[in-house]
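Enquirer: This is what each chain is made of:
Number of protein chains: 2
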Amino acid sequence: MGEAKEEEKKPLILYLRPPHPPLEQTLSLKFQILKPTSPTTTPIPQFLSTHHPSSIRAILCSGYIPIDAPIITSLPNLGCVVTTSAGLNHIDLAECRRRGVVVANAGGVFSVDVADYAVGLLIDVLRRISAGDRYVRSGRWGRKGRGEYFPLGSKLRGKKVGLVGLGNISSEIAKRLEAFGCIISYNSRRRKPGVSYSYYPNICDLASDSDVLVVACPLTDETRHIINEDILSALGKDSIVINIGRGALVDEKELAWCLIQGEIGGAGLDVFENEPSVPKELFLMENVVLSPHHADYTPESFQDLFDLSIANLEAFFAGQPLLTPVKCD
Amino acid sequence: MGEAKEEEKKPLILYLRPPHPPLEQTLSLKFQILKPTSPTTTPIPQFLSTHHPSSIRAILCSGYIPIDAPIITSLPNLGCVVTTSAGLNHIDLAECRRRGVVVANAGGVFSVDVADYAVGLLIDVLRRISAGDRYVRSGRWGRKGRGEYFPLGSKLRGKKVGLVGLGNISSEIAKRLEAFGCIISYNSRRRKPGVSYSYYPNICDLASDSDVLVVACPLTDETRHIINEDILSALGKDSIVINIGRGALVDEKELAWCLIQGEIGGAGLDVFENEPSVPKELFLMENVVLSPHHADYTPESFQDLFDLSIANLEAFFAGQPLLTPVKCD
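Top line first, the protein sequences correspond to chains P and D.
If you read the first sequence in this note's numbering, its first letter stands for residue 1, the second for the next number, and so on.
If you read the second sequence in this note's numbering, its first letter stands for residue 1, the second for the next number, and so on.
Hints in this document: simulated from the structure, not taken from any laboratory.
Among the clues, some could well be false.
Note that the list lumps identical chains together, so a pair holds whenever it fits in one copy or between two copies.
Unchecked claim - Think about it this way: if two alpha-carbon atoms lie no more than 20 angstroms apart in a straight line, the pair counts; the simulated SDA-like pairs of lysine to any residue are:
id : residue 1 : residue 2
1  : K192      : T223
2  : K175      : R157
3  : K160      : A179
4  : K237      : E300
Isolated chain P (complex conformation) (with noise of 0.2 angstroms):
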């Protein structure tokens, strides 16, 4: 009885993410959890009806079920969206903000993982290691015949980087680069006071004097698309991109042509328009690496990660400021 007492106190969170058992005990020592067993098949405004929608205050979620008007419109009393995920573009954040229900996403917790993937993607397309490792591996080094001369990459000293956004993830990447000797660029919605690296308030602009360009804004409705037709043909046949961003921050259908057709040089991409979804026409190119959405991801990121996301959802129920909250706006 007096456990059960115990348990009635914690208060109810709602939680919208994948299965996660380690993340759900330490959860579980300081909230009572309210899981949908199956999102998928039930709609979740359906779940919420019959489990006492108004005792929910708080929603933990991530990228992988939207957080819209509907089930926000479901809980009459909820006040807290908290995301372990980076983007935002799950949270339908209008709707936050007219109901007053704050928001906290992952903070830089990612950045400095992204920002040494978004490297390691950069490095390997200019330097073709694992299309080398593909080499390798199918036994054609020293094998002699046609098409078995691996063709040198490409130097990364003195190569210009153009940065699609300059937030916490590009700026942890500048400072890498700028260690390989990279010269950096940027396009933001305004220019960034304190920052050396050269402004281009024009996109396109930045393409045209880029050998790289980088993708790492955040998904909004402004920036879907961001990268078309116009900015790769300013970037030349040269010229690389890498998205660790969102996958619809690119234009896929016309980055896969422009990268059949050479015009543009290649890419590294870890985000795709409809992940897991690829498209297939990538698989065969030489001068593509394809990652499954893991540049955000490792496991010593992960209890930071947690740690934060606790201490988000324990400031909301104590009245306290959120340690990373999000503008709705």
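Position chain D against the provided structure of chain P, taking the given hints into account.
Expert: Coordinates of chain D only, in the frame set by chain P:
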């Protein structure tokens, strides 16, 4: 007739490296070139015996043909060997010293490219980039079933990286890895003055204290198999080996065995003991990145290298000091 005389005035060099039309064309502006048509079928001393060996004072070579005592002995007036490689293990330096032959190598021309590649291999093995590319191309991403989950890689920040050797290349590697938040230590024969990284006089101690061992020292009789069973065992189960030096620096059989047994965590290998032969048991391993000895070349570096090699030959024939001399002891 005038042209023939002009040609005769040019110094004669023996060209013992793979064919390279642009290099040979540039060389021919300043030198007469003697080039065995088929160095692999006719022994070079035999070829030389029919080509006025006493008129040859300089050799231009690379790592592909050994410049051994029989060749050096067959050239009574040899005074200089210029190699387009950074490594010197193909040249009998003791014989050169005995004969008073000066030797020049590629100096630091490759350092930057090799360092970039080493970091690329390191990120690839830790963050599983090539493995992820293979996973996506195989169509397994998003497919449900056993073995379809793609495991996370490991974080770079905070990793302890031990450098075996601290010459030009390792120093460039260290500079880059510091930007990723790695902690750098090194082993070399002597502590380097003015270097802040932790120095380990004993390579086994370095391995014990490292998560990643980067092998980047020259191959000599002393360093052959410097990475042996003891070192790999000290390195331990979660650690990785990156080799961008020479294949024989590592006991390759032992390394393959340790990888298969899970005694070490992974490897990124650009060089092998019997290139282009690679131990077949590595071809199916997911924690290994294999590369066809490509770390040291980019097209952008070739021009620098050729300019340097020609400048070394010109210095020799002008009686000037070489630009990138190497010690023959």
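Enquirer: Now tell me, hint by hint, if it's right for this structure.
Expert: Results of checking the hints against the structure:
Taking the shortest Cα distances, K192 and T223 sit within 20 angstroms of each other inside one copy (18 angstroms), while across copies they are farther apart (50 angstroms). Taking the shortest alpha-carbon separations for K175 and R157, both the intra-copy value of 14 angstroms and the inter-copy value of 14 angstroms come in at or below 20 angstroms. For the homomeric pair K160 and A179, the shortest alpha-carbon distances inside one copy (13 angstroms) and between copies (18 angstroms) are both at most 20 angstroms. Taking CA atoms no more than 20 angstroms apart as the test, K237 paired with E300 passes between copies only; the shortest distance there is 17 angstroms, against 38 angstroms inside one copy.
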